[in-house]
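Start from chain G and add chain V according to the hints.
There are 2 protein chains.
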Amino acid sequence: MQEVRVITPATVANVVCGFDCLGFALTEPFDEMTLRRTDDPGIRIINRDEFGLPTKPEENVTGVVAAAALKRAGTDFGLEIEITKHIMPGSGIGSSSASAAGAAVAVNRLLGDKFSKLELVDLAMEGEKLASGSRHADNVAPCIFGGFTLVRSTEPLDVVTLEFPPLWATIIHPQIEIKTAEARAILPKDVPLNTAVKQWGNVGSLVAGLAKGDYGLIARSLEDLIVEPVRKSLIPKFDEVKEASLSAGALGGGISGSGPSIFMLSEGAATAEKVKIEMRSVYSRTDIEFNMYVSELASSGARSL
Amino acid sequence: MQEVRVITPATVANVVCGFDCLGFALTEPFDEMTLRRTDDPGIRIINRDEFGLPTKPEENVTGVVAAAALKRAGTDFGLEIEITKHIMPGSGIGSSSASAAGAAVAVNRLLGDKFSKLELVDLAMEGEKLASGSRHADNVAPCIFGGFTLVRSTEPLDVVTLEFPPLWATIIHPQIEIKTAEARAILPKDVPLNTAVKQWGNVGSLVAGLAKGDYGLIARSLEDLIVEPVRKSLIPKFDEVKEASLSAGALGGGISGSGPSIFMLSEGAATAEKVKIEMRSVYSRTDIEFNMYVSELASSGARSL
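Chains as they are written, first to last, in the numbering used here: chain G, 547 to 851; chain V, 547 to 851.
Don't read these hints as lab results, they were simulated from the structure. These numbers come from a predicted model, not from an experiment. Don't take each hint at face value.
Note that the list lumps identical chains together, so a pair holds whenever it fits in one copy or between two copies.
Unchecked claim - Keeping only pairs whose Cα atoms sit at most 25 Å apart, straight-line, the calculated BS3-like set for lysine-lysine is: (1) LYS725 x LYS735; (2) LYS744 x LYS663; (3) LYS820 x LYS660; (4) LYS744 x LYS675; (5) LYS744 x LYS778; (6) LYS663 x LYS725; (7) LYS675 x LYS617.
The shape of chain G in the complex, shown without the other chains:
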């Protein structure tokens, strides 16, 4: 194979009670990427969008992951990587993860599917390290496996794919900047044991609710007693958006990744659209620019076309 085109979905990590472990893939937005083997060695990056991301391979998430994949495969053919990103960097819905996962999946296709999905997650984590400084898998795991995933451990890497019923996400991305360092610094270093117990009760019951397709249980379990209470201060109108969404019939939701996007889950498309109207209504009364998405949760992740 000489050329491969992949699409890689946006993802939501830190799913409410499941901080640093639960994530899911969306159907849209998604990034597009075309990789071509070239006669010349080295990696050349062409950005076909307006985000102005670096084109030096060692400074670009895609380039770093592609190089890591070639190295691990013990080969070093040349690559041209043409990228059209639709997932805005800094939105909190896995923009860098989509770049990283896309590169891993695309190079793997060119290599004749040498790596397992778990190995692709591991490779994509190299891109996350470049983007955020840490090898985390919260977004790249759902981006590669699709669906709802739980990262049980990163060292060693252990990704659990979860059963889940049809679910729709409504997302609002207020165009403000949240610095990852700030979002990290605001977190408590320690949590009271009894609060932690409630949180892991919710994680367990959310996984059970997803497996059973019990929407009532999913709704009751979408409660975050630890991270949301401190991080929501970084996102204007968070409480209003959440209250309006729940009134419109959303099951629950919270901060996507480390923000600024807010996501809400609904049982069906109609409710998700109602939630969108309510979210828009709240943010229309501010002077903050915003994007919105309504998307069914995707059962498949990054894939070649």
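Just chain V now, kept in the frame of chain G:
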């Protein structure tokens, strides 16, 4: 109905990573209880075992729960309660819970099944309050629902029944006394956030592993980074028992309730019996008396015969 006989199983609470939320029911040991409506008002308790538990209804878990059930039903017929306990009080495998759950289920039968299982758990929690000072549901939930349960919340009460594959438990009960107050006092008040994250990752993946019947995932998830490290010091030879059990093929396990019993889970009866031999071997080299049980996890809880 004038008379009902119930059996109520032993239960394991605080299942490894699932401190204060995960529990399961055993097939044996179990308690037996016969309740009879009497012409005279009031509750009369007859103990047919050698544990010397109180016979005053207001000091006996069974009596307290029976009285609460009658009161909630708005009736007050007289009761004779004949109890043969086989689950030793203080063993850490839900002895008081079996008494509490048995009384709730038995009175409910006499009342013509007036209460739901969730209401029975709520009633049985009155007995736990007498026994331990707090209205907890970790043991009474699996004792009444059977199988593997997750108590998402006690206020309001929210019990989740979990899907699970065939599993066997091997239990050793070293006959030492662990005071609940001491087991509580030794717990950390706060836990580091990153440790709490690992713990809720394990809770989520344990629930997923149970739902999928993925024994490997169950084994990897049976890891407690918070409670076991401090409480195991209260149980002689804990590490040796655990290591020997894992070598014999156990999936994993830990402290049952707040101890002193240790439980290990296995995929089949043959492995569970091998684990028993290893556990016995460790404790035979001490001068501590002990009991042992091998039991399949029970899909049903307390029930009338």
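Evaluation of the provided hints:
1. LYS725 x LYS735: Result: close within a single copy only, 18 Å intra versus 31 Å inter.
2. LYS744 x LYS663: Between copies, since 22 Å is at most 25 Å while 32 Å is not.
3. LYS820 x LYS660: So LYS820 and LYS660 fail the 25 Å test inside a copy (44 Å) and across (41 Å) alike.
4. LYS744 x LYS675: between (31 Å within a copy, 20 Å between copies)
5. LYS744 x LYS778: both (19 Å within a copy, 23 Å between copies)
6. LYS663 x LYS725: neither (30 Å within a copy, 49 Å between copies)
7. LYS675 x LYS617: Within one copy only: 17 Å inside a chain, 62 Å across chains, cut-off 25 Å.
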